[in-house]
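Chains as they are written, first to last, in our numbering: chain C, 1 to 81; chain P, 82 to 533; chain F, 534 to 1106.
Keep in mind the hints are simulated off the structure, nothing from the lab. Errors might be hidden in some of the hints.
Said to hold, decoys possible - With a Cα cut of at most 25 Å, we get these calculated DMTMM-like pairs of lysine to aspartate or glutamate:
#, chain 1, residue 1, chain 2, residue 2
1, P, Lys138, F, Asp922
2, P, Lys192, P, Glu513
3, F, Lys907, F, Glu1066
4, P, Lys93, P, Glu357
5, F, Lys970, F, Asp920
6, P, Lys246, P, Asp256
7, P, Lys84, C, Asp57
8, P, Lys147, F, Glu908
9, F, Lys1049, P, Asp328
10, F, Lys962, P, Glu360
11, F, Lys1072, P, Asp328
12, P, Lys504, F, Asp1082
13, C, Lys69, P, Asp328
14, C, Lys5, C, Asp22
15, F, Lys1049, F, Asp1035
16, P, Lys469, C, Asp57
17, P, Lys147, F, Glu893
18, P, Lys327, C, Glu48
19, C, Lys73, P, Glu88
20, P, Lys195, P, Asp501
21, F, Lys1049, P, Asp501
22, C, Lys73, P, Asp445
23, P, Lys505, F, Glu953
24, P, Lys246, F, Glu1079
25, P, Lys469, C, Glu48
26, F, Lys923, P, Glu141
27, P, Lys322, F, Asp769
28, P, Lys202, P, Asp244
29, F, Lys923, P, Glu357
30, P, Lys510, P, Glu191
31, P, Lys202, P, Glu178
32, P, Lys156, F, Glu1050
33, P, Lys85, C, Asp22
34, P, Lys405, C, Asp43
35, F, Lys997, F, Asp1035
36, P, Lys93, C, Asp39
37, P, Lys156, F, Asp932
38, P, Lys245, P, Glu191
For reference, the chains in residue letters:
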Amino acid sequence: MNIKKNIAISDSGFLFNPSTGDSYTLNPVGQEILKLLKDGNNDEGVIEYILKNYMTDKDAVEKDLYDFKNMLKNFKLIEDE
Amino acid sequence: MDKKQYERPIIKSLNNGVMNKFGTRNEYAALTHIEGVPVKSLLQEYGSPLFVISERKIRENYRNAKRIFETRYPKVQFAWSYKTNYLNAVCNTFHQEGSWAEVVSRFEYEKAIKNGVPGDKILFNGPDKTDSDLRLSIKNNSPIHIDHLDELYRLTEIATGMDKKPRVAIRVNMDTGIYPMWDRFGFNYENGQAWDAINKIMASGKLNLVGLHCHIGTFMLTPSAYGVAASKLSELALSIKHQYNKDITYLDLGGGFASKNTLKGSLLPGSDSVPEIYEYAEAITTAILNAGFQPDDLPYLYLETGRALVDDAGFLLGSVISNKRLSDGRRATIMDFGVNIMFTSFWYDHKISPAQEFGQHTEDTILYGPLCMNIDVVRENITLPPLKPGDQVVVHHMGAYNISQSMQFISLRPAIVMIDNDKKVHLIKAAETLETLEKGEVLPEYLKEFNI
Amino acid sequence: MNTNNSNTLLKVYGNGLLNSYSQIFFSNNKTFAVLLLIISFFDLGAGLSGVLSVIISQITAKLFNFNEELIKDGTYTYNTLMVGIALGMFYDFNFSFFVILVITSILTLFITIWFITVLAKKGLPFLSLPFLFGIWIIILGAPNFSALQLNPKEILSLAKWFPELFSSVTNSIGSLPFADVIHLYFRSLGAIFFQYNDLAGLIIAIGILIYSRIAFGLSIVGFSIGFAFYHFFGGDFSQLIYSYIGFNFILTAIALGGFFVVPSKKSYLMLFFIIPVIALSISSLHTLFSYIGLPLYSLPFNIITIIFLATMATRSKDSGITLVTLQQFSPEKNHYKHLNSVNRFKNNTYYHLHLPVMGEWHISQGHNGVITHKEDWQYAWDFDVLDEDKKSYQSPGNDLKDYFCYDLPVVASSEGYIVEIFDGIEDNKINEVNLKKNWGNTIIIKHGEHFYTKLSHIKKGSFKVKKGDYVTKGQVIASCGSSGRSPEPHLHFQLQTTPYIDSKTIEFPLAYYLRKENNKYHFHCFDIPKENEIVSNVKTTKLLTEAFDFVPGKTFYFNYKGKKVKWEVLPTQ
């Protein structure tokens, strides 16, 4: 699953979808994950990175990542492959 | 390398043009301490959920209200409305501050007596008073506020057999210019019922009419309605003086002042939009002072304020059970407290603060309670930072009615603590156990055995 | 029923008998009375005829239905007692004696009652005048009836039987310094009972000390002054010794030092002038009466005391010598009662002013306050309202409405007429002052001639009355504001003798108010609230004010710890 190519992401966490005109905000963790996904990381890679850099456990990250991706899907920011 | 503080990833949509109703940041500033005592330690020691009452705030509210009324009218007396909060610790705090008691049922009456309130300082309201209740009140010299004609007749009969003359008031309902008008309680002013009842009392000679009572509504947002009520009661009192040369000792304006809770559907939060106490005071006191009483005949002003004095002195602490993502994408968080102990959530949108610090990102959430009933919704829409299971929150303005109207349904009722003026914590009601629930239950013998 | 009657009879007449003894010394102390009774029996004849004469008078008084209270408190009979004792002391018991005794007792009773009607109207006591008249009549009149044989007898039967008792006292006193004076003192004391010996005097002195320290002190002070006067001015001591007439000093001192006059430093000082007058009158009357052939006894004391009391009663102001209005039969009680009533019963002296506000207010500046209450305006009060944390506003305090006292009702301090209203001045913003119109919006009320109250810094347009209106005490007249020299909302209140906005203030107390300290209320009457006090008016209910109005003629019945207590309200003199 990949972020749609035309989505604009700023460094301060703002997301803009030019095709729909909607904008979104991301919290720091969300920003990082989105960047990782955009860079082509898969789920395991993302989880590994988060665990390495944040104080949390695997279960929580897995759950949250699943949830996060669903949100992205909901907002139609991810294109199914 | 130092790991960073983790927060679940959030993406939030910013819809153009529509302002978030609950957008003020204050709504969800973290509240980690209540009266200097850490929320975390309270929940740890007494379990979750937990009602917390601030004694300091009760006394501050009472003294404030007393000052506001007493600087506008020479003779004021508050009577604590027991049904708002039954806890003896709360009731006695009010009594210590000088408040009388106002009760609407036999068990409340007995509670007041047990707490040590002198009989003549208990105002007995309500439509349900048995003969035994009336007899007890007469014996104790408690003012009886008569609600309907049947009660008047019964009382007159009972009084004939007793050596004490009962002190009574009648409850009057009237058109104060607001909707809805509560006309189910008391005698109506406009159609002459009230005057009729007064005449009956004076004619019987068996009852001592000492006061006039009204309670025009609840969570009143228009202070001027009280002014109208006070004027009409004053008119009745003056007519009684004129006709019977009898001085009415007091006018009881009941309760109904609004607290700082936010009514569902209101545009602004309660703390910004409900009237201040002094507005009610101005309306009532000016009405009575201008009514035409002789300076020496001014009646006492009794007030049965409940909610406005105790709501913001009570908090409910709770914990997050779990999170859910609903089918339409909305976030839902399930708390360990629900409508079972937050009855007032049916008409208020309570302010809820997280009890731990958090980042700046928030989500629109719907809060559910722990019951497996569909109506158990604490807040339909609230903006909160991301919460995970075990996170704790503080619900504000919980002091009125929630405790007295708690259900023993699915969840047992939680413990209640009071923090005193020296910031010490007192357990004023222990959490209920299965034993508490089953007390009084009798299982017939033939049902004890079964084979499955 | 019978026992009840005899019980009350015993009470009335028994008390009457005992009180007759103590009343001679201005007391109703029963112990003292018993001691005196005993002393009177030092001579059996005297003691017996004393008791008899009292009984005869009591029976007479009862038969003629005279006031039972006055029988009971000994008023009717103490003079008869003295006559009885005197007669019994000097004459033998025989038939003539009894006739004379009966006649004299009844005579003295009627003379007593006559004196009561004549003197009591003027508020004066009759002291021992009836005794003097009674005994003189007998002394002068009886000898003319030859059939009446009054035989003088030997005095003091008891001394004959127990001489050691008497001599031992005399001897032990003799060993003390100033023995002469002490002898004289005791014997003068005893002389009041016609007992010219030290023992009687000693017992009487002890008795006086028992019933009142002050009276005892006065007896010594009075006697000493009299003695000193005689000593330093070379008086003829034989007069003092002859019949121990010095007891006049003692009786006068007690009467005017603490019985009819409230004991105080001034009353004691006054004795320094009065006792010498007694001394002089003793001397002059002695000469006069020796011509007539009558004993002087207590005549000087009677004359001087009554003249003094009559003249003192004509004054309009006290000047420190206060006549006792309600006799407590104890100089101590007279003293305390007086102090008490001076503090409590000022209510006839002043106009009754109350606080011009409702509820509890704080005196932010009092009389002679440093900020603005100086010189001509020193007797004024500034009021505001504080919360539990002693703040006069709720945060942030930038707005007039944040201040608790802003817009609160201001009431009339007492009934009167509105004489002036100044309106139209805007309330200042917080911390700004209007120095051009110093007082701001103001109202002046006239309560009486040369008596006005003024309230200032009123909120513009908030006056509920107009010039010329009559207002009652506690009537709302305006709202508290912040106009004039007022950086934050407050109320200025002062009293003045002229109706102008800048009149000088006068010092005057408020009638009744409560002061709150540490959550306790203290009651003040006719006092001046001080800076920083939290004060409020007393709340009254019609029921209580009408019940406790203490109208003369009203009777109260109380149930106190199971006992019935009755109070009667009597009109003051």
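Hints versus structure:
1. P:Lys138 / F:Asp922: holds (13 Å)
2. P:Lys192 / P:Glu513: holds (20 Å)
3. F:Lys907 / F:Glu1066: holds (19 Å)
4. P:Lys93 / P:Glu357: violated (37 Å)
5. F:Lys970 / F:Asp920: violated (30 Å)
6. P:Lys246 / P:Asp256: violated (32 Å)
7. P:Lys84 / C:Asp57: holds (12 Å)
8. P:Lys147 / F:Glu908: This hinted pair is violated, its Cα atoms lying about 38 Å apart.
9. F:Lys1049 / P:Asp328: violated (31 Å)
10. F:Lys962 / P:Glu360: holds (22 Å)
11. F:Lys1072 / P:Asp328: Distance of about 17 Å is within 25 Å: holds.
12. P:Lys504 / F:Asp1082: violated (49 Å)
13. C:Lys69 / P:Asp328: violated (76 Å)
14. C:Lys5 / C:Asp22: With Cα atoms ~15 Å apart, Lys5 (chain C) and Asp22 (chain C) stay inside 25 Å; holds.
15. F:Lys1049 / F:Asp1035: Between Lys1049 (chain F) and Asp1035 (chain F) the Cα gap is close to 32 Å, so the pair fails against 25 Å, i.e. violated.
16. P:Lys469 / C:Asp57: holds (13 Å)
17. P:Lys147 / F:Glu893: holds (10 Å)
18. P:Lys327 / C:Glu48: violated (87 Å)
19. C:Lys73 / P:Glu88: holds (20 Å)
20. P:Lys195 / P:Asp501: holds (22 Å)
21. F:Lys1049 / P:Asp501: Distance ~24 Å between Lys1049 (chain F) and Asp501 (chain P) Cα, so the pair holds.
22. C:Lys73 / P:Asp445: holds (18 Å)
23. P:Lys505 / F:Glu953: violated (57 Å)
24. P:Lys246 / F:Glu1079: Holds, at about 21 Å.
25. P:Lys469 / C:Glu48: Answer holds: Lys469 (chain P) to Glu48 (chain C) is near 21 Å, not above 25 Å.
26. F:Lys923 / P:Glu141: Measuring from Cα to Cα gives roughly 13 Å; hence the hint holds.
27. P:Lys322 / F:Asp769: Status violated; Cα separation ~81 Å.
28. P:Lys202 / P:Asp244: holds (20 Å)
29. F:Lys923 / P:Glu357: Holds - the C-alpha atoms of Glu357 (chain P) and Lys923 (chain F) are around 21 Å apart, at most 25 Å.
30. P:Lys510 / P:Glu191: holds (19 Å)
31. P:Lys202 / P:Glu178: holds (14 Å)
32. P:Lys156 / F:Glu1050: Within the cut-off at roughly 21 Å; holds.
33. P:Lys85 / C:Asp22: The hint is violated at about 30 Å.
34. P:Lys405 / C:Asp43: holds (21 Å)
35. F:Lys997 / F:Asp1035: holds (23 Å)
36. P:Lys93 / C:Asp39: The given pair, whose Cα atoms are some 21 Å apart, holds under the 25 Å limit.
37. P:Lys156 / F:Asp932: With a Cα-Cα distance of about 29 Å, the restraint between Lys156 (chain P) and Asp932 (chain F) is violated, given a limit of 25 Å.
38. P:Lys245 / P:Glu191: Holds - the C-alpha atoms of Glu191 (chain P) and Lys245 (chain P) are around 20 Å apart, at most 25 Å.
The structure fails hints 4, 5, 6, 8, 9, 12, 13, 15, 18, 23, 27, 33, 37 (numbered hints given earlier, in ascending order).
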